[in-house]
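Chemist: Chain by chain, the residues run as shown.
Number of protein chains: 2
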Amino acid sequence: MRILVSNDDGIDSLGIQVLVEELKSLGEITVVAPLKEQSAMGHAISMKNPLRVIKYYKNGEFFGYAVDGTPADCVKMGVRNILETPPDLVISGINHGSNTAVNTVYSGTVSAAREAAIMDVQAIAISVTSHTTTRFDYAARVAKLLAYKLMTDPLIPGSFLNVNVPDLEEKDIKGILITKQGKSKWDDVYEKRRDPYGRDYYWLTGNMVESDIAPDTDQGAISCNYVSVTPHHFDSTDYATYELIRKWKL
Amino acid sequence: MRILVSNDDGIDSLGIQVLVEELKSLGEITVVAPLKEQSAMGHAISMKNPLRVIKYYKNGEFFGYAVDGTPADCVKMGVRNILETPPDLVISGINHGSNTAVNTVYSGTVSAAREAAIMDVQAIAISVTSHTTTRFDYAARVAKLLAYKLMTDPLIPGSFLNVNVPDLEEKDIKGILITKQGKSKWDDVYEKRRDPYGRDYYWLTGNMVESDIAPDTDQGAISCNYVSVTPHHFDSTDYATYELIRKWKL
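Listed in order, the protein sequences are those of chains F and D. For the first sequence, our numbering begins at 66 and goes up steadily by one. For the second sequence, our numbering begins at 66 and goes up steadily by one.
None of these hints come from the bench; they were simulated from the model. Honestly, I wouldn't trust all of these hints.
For identical chains, the list gives no copy identity; a pair is met inside one copy or between any two copies.
What the hints assert, rightly or not - Calculated cross-link-like contacts (lysine-lysine; reagent style BS3-like; alpha-carbon spacing at most 30 Å):
#1 Lys257 - Lys123
#2 Lys123 - Lys209
#3 Lys214 - Lys257
#4 Lys214 - Lys312
#5 Lys209 - Lys312
#6 Lys113 - Lys101
#7 Lys257 - Lys101
#8 Lys312 - Lys248
#9 Lys120 - Lys101
#10 Lys113 - Lys312
#11 Lys239 - Lys314
#12 Lys248 - Lys214
#13 Lys314 - Lys236
#14 Lys236 - Lys89
#15 Lys214 - Lys89
#16 Lys209 - Lys257
#17 Lys101 - Lys123
#18 Lys209 - Lys236
#19 Lys120 - Lys257
Just so it is clear, the structure is predicted and the values come from calculations on it, not from any experiment.
Full structure from sequences and hints, please.
Modeler: What follows is the structure, given as structure tokens:
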């Protein structure tokens, strides 16, 4: 199996290192990941500035290619320019922090998998639900399990998996659930500060409003100590609304 | 009607100016738009750097608030911080260049509307299909027509409209069609160059592959000289795949 690995926390993060170690036994792994942290970069791509590709070494050994762009840039660069032929699979992660509900819109981790899906490559985004955890071993094994699964049961073109793993010991995890994107959103607050020159600036802060812990949602599964596996597609047409508004007289 | 207007081309672009002029007769217009061009920024938001809000004047008159962030930042800032209560509607545009098919994933214009939808505000993204056009009058009237429509027939929470207007004289436009996101994608190429110091860098280039001009798609409508109106949702769950993979034994 040929797997391209990326993330949004940056090529030097622990999550991607543990993932790569676990996946090595599956075949040929190529890492193409951001040089710097790219959280909340959404599906941004670099068109106004060119990209550089840097060979990145960990403990004296070649680890992968660092790109001074976004997660979507990394996947595009890996598939279109670094690899000679497209990989069998792209895995993005393991992210430090959950990517459930509306976070899937903002997440660089998820965008890397979405970019692969756009290029007709099977893809998985995987996250552990804590920003401060160092517990990635079980999540890495879940990624490996799903990698196997996608090789035997591939998703339709354009679809990809978004996986969230509770930050718990493996014995406390109840299982793996197939879920939908939940409806939880952010209660945003802009914190106003004044710089040393008397000018105002604003920091985005806020809390996720856990409005949707229905058991068939990503956030619901996590809250009950299950791994959530949500299939997404890069086509975001609202088909129900499409049927409804086709009757509009415009 | 209280309308928040944003875009991704920047507060000084012609498209947003023509749109604001047209919408003024509808009520209270507040412009919150990027200080600098933010094309292809996807749904990025600023969390690692704070934002500044600058009062922007055009021809000596107050035009709106410029934010040194992304389109999604502008809408968040406008709804959560600048306006005292949420607006009735957010309109993003008029974009210089089409936002059909997979471009909806990368587009800052579309992300501004999606951000409004996330905050339960009715929203429209609107684009004219040429990067170099100055023909925005008809598109501005389409925006106004759809603004009226959404006030009487609001979309479900989370849904928003993505509108593309052919760059033609009004007499050559055949009508308005409700459409789906098409399947056209990009044939990406990285153009390699060498900097004056002997180091390589890569520019993303490529062409949209017009693989999908089915008449019920955005790109299909445009190619037949119709305005396309596509309903999108910020929930990108692939429900068909969800039903399918629920049977997986994991």
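Chemist: If a hint holds in the structure, say so; if it does not, say that too.
Modeler: Hints, one by one, checked against the model:
1. Lys257 - Lys123: between (40 Å within a copy, 26 Å between copies)
2. Lys123 - Lys209: Only inside one copy: Lys123 and Lys209 sit 22 Å apart there, 56 Å across copies, limit 30 Å.
3. Lys214 - Lys257: For Lys214 and Lys257, neither the intra-copy (48 Å) nor the inter-copy (37 Å) Cα distance is at most 30 Å.
4. Lys214 - Lys312: between (42 Å within a copy, 12 Å between copies)
5. Lys209 - Lys312: So Lys209 and Lys312 pass the 30 Å test across copies only (19 Å; inside, 47 Å).
6. Lys113 - Lys101: For Lys113 and Lys101, the Cα distance is within 30 Å both inside one copy (18 Å) and across copies (12 Å).
7. Lys257 - Lys101: Both, since 27 Å and 22 Å are each at most 30 Å.
8. Lys312 - Lys248: both (27 Å within a copy, 24 Å between copies)
9. Lys120 - Lys101: within (14 Å within a copy, 32 Å between copies)
10. Lys113 - Lys312: So Lys113 and Lys312 fail the 30 Å test inside a copy (41 Å) and across (44 Å) alike.
11. Lys239 - Lys314: between (51 Å within a copy, 14 Å between copies)
12. Lys248 - Lys214: both (27 Å within a copy, 26 Å between copies)
13. Lys314 - Lys236: Between. Shortest inter-copy distance 19 Å satisfies the 30 Å Cα cut-off; intra-copy 58 Å does not.
14. Lys236 - Lys89: Within. Shortest intra-copy distance 25 Å satisfies the 30 Å Cα cut-off; inter-copy 61 Å does not.
15. Lys214 - Lys89: within (17 Å within a copy, 55 Å between copies)
16. Lys209 - Lys257: Classified as neither: same-chain Cα gap 44 Å, cross-chain 34 Å, threshold 30 Å.
17. Lys101 - Lys123: within (15 Å within a copy, 37 Å between copies)
18. Lys209 - Lys236: Close inside one copy (18 Å), not across copies (57 Å); limit 30 Å.
19. Lys120 - Lys257: between (40 Å within a copy, 16 Å between copies)
Violation of the numbered hints given earlier is confined to hints 3, 10, 16; the remaining hints are satisfied by the structure.
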